[in-house]
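4 protein chains.
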Amino acid sequence: MMEDITIRFDDTIAPEDRTAPIFIEGLPGIGHVGKLVAEHMIHELGAVRIAEITSIYFPPQVIINEDGSVRVCNNEIFRYSGEKGTFLFLVGDFQSTSGEGHYLLSQVYVDIAHELGVKRIFTIGGYGVGHFNEVSRVIAAVNRPDLRKEVEDAGGIFSEGEPGGGIIGAAGLMLGLSIPLGIEGICLMGETSGYLVDPKSATNVLSVLTKLLSIEIDDAKLTERAGEMEVVLQRLLEQEKKSEEELSYIG
Amino acid sequence: MMEDITIRFDDTIAPEDRTAPIFIEGLPGIGHVGKLVAEHMIHELGAVRIAEITSIYFPPQVIINEDGSVRVCNNEIFRYSGEKGTFLFLVGDFQSTSGEGHYLLSQVYVDIAHELGVKRIFTIGGYGVGHFNEVSRVIAAVNRPDLRKEVEDAGGIFSEGEPGGGIIGAAGLMLGLSIPLGIEGICLMGETSGYLVDPKSATNVLSVLTKLLSIEIDDAKLTERAGEMEVVLQRLLEQEKKSEEELSYIG
Amino acid sequence: MMEDITIRFDDTIAPEDRTAPIFIEGLPGIGHVGKLVAEHMIHELGAVRIAEITSIYFPPQVIINEDGSVRVCNNEIFRYSGEKGTFLFLVGDFQSTSGEGHYLLSQVYVDIAHELGVKRIFTIGGYGVGHFNEVSRVIAAVNRPDLRKEVEDAGGIFSEGEPGGGIIGAAGLMLGLSIPLGIEGICLMGETSGYLVDPKSATNVLSVLTKLLSIEIDDAKLTERAGEMEVVLQRLLEQEKKSEEELSYIG
Amino acid sequence: MMEDITIRFDDTIAPEDRTAPIFIEGLPGIGHVGKLVAEHMIHELGAVRIAEITSIYFPPQVIINEDGSVRVCNNEIFRYSGEKGTFLFLVGDFQSTSGEGHYLLSQVYVDIAHELGVKRIFTIGGYGVGHFNEVSRVIAAVNRPDLRKEVEDAGGIFSEGEPGGGIIGAAGLMLGLSIPLGIEGICLMGETSGYLVDPKSATNVLSVLTKLLSIEIDDAKLTERAGEMEVVLQRLLEQEKKSEEELSYIG
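Residue numbers (the UniProt record's numbering), protein chains in the order written: chain A, 1 to 251; chain B, 1 to 251; chain C, 1 to 251; chain D, 1 to 251.
It should be emphasised that the hints constitute simulated quantities derived from the structure, not laboratory data. From a predicted model like this one, the values you see are computed outputs, not experimental measurements. Mixed in with the good hints there might be a few duds.
[Stated by the list, open to error] Where chain B lies over chain A, by a calculated footprint (3+ residues, C-beta under 8 angstroms): (1) 136-143; (2) 172-183.
[Claimed, not checked] With the C-beta cut set under 7 angstroms, the calculated list includes, among others, these residues of chain D facing chain C: (3) Met2; (4) Ile56; (5) Gln61; (6) Val62; (7) Ile64; (8) Asp67; (9) Ser69; (10) Arg71; (11) Val72; (12) Thr97; (13) Arg235; (14) Glu238.
Positions of the beta carbon are idealized from the N, C-alpha and C atoms, including for glycine.
Full structure from sequences and hints, please.
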């Protein structure tokens with residue numbers, strides 16, 4: 001029987017090599033800002049994959065790797081531990097396809113963070129404004145008012161009524177659901193038109209995030225990565241549209 | 001693991017300070033009449049928050065408070081006990097996003113009412129007529145025919161075939177589901193165009209409700225509150241629309 | 001906690017007064033043919049209500065009775081036992097709102113039938129042809145090929161490729177799901193334009209059904225009943241449309 | 001009570017006559033290429049039906065057989081054991097109507113395969129390109145990179161970025177979900193316009209598949225079968241559309 005959500009840790013990695021004080025979520029979303037920032041950091045730091053999450057709440061499809069082999073679509077946890085610190089990253093192909101799934105998956109993510117000793121979660125996303133701006137702000141939210149000053153000092157902007165009263169999906173829910181677990185939560189949203197993978201917005205978010213982490217990450221390859229990601233995502237997006245047609249056709 | 005519906009009572013409040021004979025539901029709905037009436041009463045009476053309900057059946061998003069901190073969207077129970085009587089109030093950001101969720105949440109609400117010693121439930125809503133009327137009636141329904149006369153004496157109108165054979169969401173289901181628990185139920189629906197937060201309709205409902213409760217509540221600030229609520233709701237509504245776009249984008 | 005599907009038998013009726021060899025399903029559907037035939041028979045025979053089914057798979061609303069009181073929307077089982085025989089009837093406000101709910105409710109219905117000693121189930125529906133016909137046939141299907149001749153002798157027509165390869169909802173599923181229980185199943189579908197409550201189609205179905213039951217039922221009041229039902233259903237239909245708007249508004 | 005997914009093996013067939021090293025999935029999909037290939041092989045080989053799967057995740061309807069009797073819509077497993085080898089086939093009326101159902105059903109299919117000793121699964125589908133091509137390729141994917149060469153030698157084409165980064169439904173998920181069970185998986189997708197049952201595309205897929213199985217299957221009747229299937233599917237498709245209308249009408 002299939003579980004609704006399955007977590008598989010790489011058992012070649014010892015339990016003590018899974019923990020970290022910091023957890024950075026960068027799942028797909030508006031402008032794929034979060035995904036771009038998190039994947040960029042994973043590559044630059046050489047973070048290691050320690051766990052995979054699969055779920056019936058993800059779209060019912062497999063992804064084709066470059067070598068022609070397939071894998072079930074998933075979310076993954078990477079970990080970096082080195083001179084810059086110890087961080088966990090959550091990245092993946094998709095978020096949930098249903099509202100209930102968003103809650104259940106986000107709860108699993110914060111529960112994993114809690115078990116792995118996380119003290120602070122960063123969720124990263126885009127804030128779609130629907131048009132191109134000269135200057136792209138980094139809008140922020142926190143799950144405890146006393147975190148606000150620190151974020152503002154790093155360049156995050158708290159703007160009443162933005163984003164429109166709420167943050168949807170894992171970026172929002174992980175902040176809210178980590179409150180009862182005593183985990184600090186900071187959401188950084190890069191202003192973006194929302195139409196394309198947005199490396200400029202990601203650069204701005206990366207800047208605020210690294211200040212908050214007191215580390216430096218080279219952002220030279222962000223634009224290049226955005227271009228590559230755009231190609232892959234266009235394919236997935238096309239597939240998404242086809243999927244809806246096909247699902248209605250075969251279901 | 002996440003429960004589908006979670007109730008958290010404020011444990012600084014003693015169990016005997018949670019009970020009440022009267023329960024007033026004012027969740028969001030047409031013209032936000034119920035929400036406006038219930039929140040107005042909570043403010044005027046100085047009712048105290050005693051419990052919070054969160055659920056995977058609510059939209060998958062967090063609400064941003066004025067100070068930049070977030071909270072998971074929820075429903076809340078407030079309680080007033082003083083010289084005017086003892087009342088419970090149910091208010092919140094949203095109702096369920098699914099039909100099944102409406103049933104399951106409404107059952108939880110009447111079960112809570114039952115446990116807290118409630119003898120009578122008032123559900124308050126709007127009755128959308130789609131156009132602006134000079135006179136806005138208060139249409140009523142009950143869960144026992146013998147309650148009808150009392151409601152008519154207070155100004156509630158029973159009009160066969162209105163509202164169109166049914167009452168949807170918590171306002172209707174709480175009335176129906178409280179029958180087997182032996183709790184009396186009265187629904188008051190203020191006629192409204194349904195397009196905006198409607199303080200005139202709310203004033204009329206408040207008038208009937210306070211007569212039935214044999215209390216007086218100043219309605220001077222209702223219009224002012226309606227204006228403030230309108231601003232907040234417009235934001236949420238915009239967010240709702242964006243959410244749908246975003247969910248289809250990230251899912 | 002709420003069960004997904006709840007069956008409440010009237011406990012003033014002894015278990016031995018609940019059984020019957022014949023079960024007639026007439027839930028809402030195309031042209032409300034099944035509903036009209038079953039409710040007509042219930043009235044003409046003076047059948048007695050023995051059970052009520054409520055479910056989270058029904059629309060989340062209450063129905064307002066003529067006296068202004070409400071009830072949760074439901075399905076009901078009536079029973080007639082007298083000189084014409086012993087029959088159970090299944091009627092109600094709605095069918096399920098989801099595909100999964102259709103299966104789960106239909107399974108409950110055939111399980112109840114099985115427990116009550118039912119040997120044969122009749123499901124009655126409309127067969128929507130989208131236009132008005134001079135002659136309205138009664139299309140039939142069975143759950144065992146050897147039942148076909150009997151149905152044809154009574155006037156039921158088996159027409160390959162009609163209805164289009166399948167029968168949806170309870171009328172179809174109850175036939176299929178009763179096969180493993182050894183219960184015979186016959187579906188009678190009155191050809192109808194599908195736009196209005198169709199008393200002519202219902203008269204034709206009643207004629208075939210009563211022949212199969214070897215009884216006589218006066219059909220004089222069918223047209224009158226159809227008119228009354230049309231009024232009630234129009235209200236519900238309007239409410240349905242409003243509900244969708246409201247649910248999207250409050251959810 | 002109804003199980004969400006039910007598997008019924010024909011108990012006149014001994015457990016040792018259910019096993020096979022090869023499992024071929026041909027459920028409905030784009031161009032019905034998989035369904036056509038699998039049903040053609042079943043007929044040509046004279047494979048025997050050994051199990052039936054029913055589920056609440058299939059559309060809520062029954063299928064009418066030619067003799068006027070009905071059956072619940074299902075998926076079926078056939079088995080051939082003879083001089084050409086021993087194969088299992090999975091065919092059926094529909095795939096799941098929901099994303100969650102796709103996962104749960106696909107998991108059941110690979111679990112059955114595992115229990116029956118299967119070492120290799122072939123999933124067959126169409127690859128809809130939206131226009132008519134002179135030459136129709138057979139696009140392939142595998143669940144282990146080392147399977148690629150064998151498939152290429154048989155005529156399967158691995159084309160990076162086709163199909164658009166993913167394979168949806170059972171054809172994809174069974175490949176992915178069989179990885180942890182140690183079962184080899186090969187997906188063959190016949191390029192097709194996607195609008196009609198496509199015997200040309202099926203002929204190409206059959207050619208690659210039989211090379212991989214080292215058997216010969218006469219393809220003379222494929223076009224004839226495609227014509228018959230087209231008639232049946234048109235009916236089902238019409239019924240599907242009607243179903244959606246009816247479900248919204250009766251629900």
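Tested hints:
Judged by the Cβ-Cβ criterion of 8 angstroms, the segment 136-143 of chain A is covered by chain B as claimed, because 4 of its residues qualify and three suffice. With 6 residues bearing a CB less than 8 angstroms from a CB of chain B, the segment 172-183 of chain A meets the requirement of three and the coverage assertion stands. At its closest, the beta carbon of Met2 of chain D sits 4 angstroms from a beta carbon of chain C; the interface hint therefore holds under the 7 angstroms criterion. Given the 7 angstroms rule on beta carbons, the hint for Ile56 of chain D holds: about 4 angstroms separates it from the nearest Cβ of chain C.
A least Cβ separation of about 4 angstroms between Gln61 of chain D and chain C falls short of the 7 angstroms threshold, and the interface hint therefore holds. At a threshold of 7 angstroms, the smallest CB-CB gap from Val62 of chain D to chain C is about 4 angstroms, leaving the interface hint in force. Hint status for Ile64 of chain D: holds, given a least beta-carbon distance of 5 angstroms to chain C, under 7 angstroms. The criterion of a C-beta within 7 angstroms of any C-beta in chain C is met by Asp67 of chain D, whose closest approach is roughly 5 angstroms, and the hint holds.
Here the hint on Ser69 of chain D is kept, as its CB sits about 5 angstroms from the closest CB of chain C, short of 7 angstroms. Taking 7 angstroms as the C-beta cut-off, the interface hint given for Arg71 of chain D holds, the closest approach to chain C being about 6 angstroms. A distance limit of 7 angstroms between C-beta atoms decides the matter here; for Val72 of chain D the minimum to chain C is near 4 angstroms, and the interface restraint holds. A distance limit of 7 angstroms between C-beta atoms decides the matter here; for Thr97 of chain D the minimum to chain C is near 5 angstroms, and the interface restraint holds.
Among the interface hints, the one on Arg235 of chain D holds; its C-beta lies about 4 angstroms from the nearest C-beta in chain C, closer than the 7 angstroms criterion. Interface restraint check for Glu238 of chain D: the shortest CB-CB distance to chain C comes to about 5 angstroms, inside 7 angstroms, so the restraint holds.
Violation of the numbered hints given earlier is absent; every hint is satisfied by the structure.
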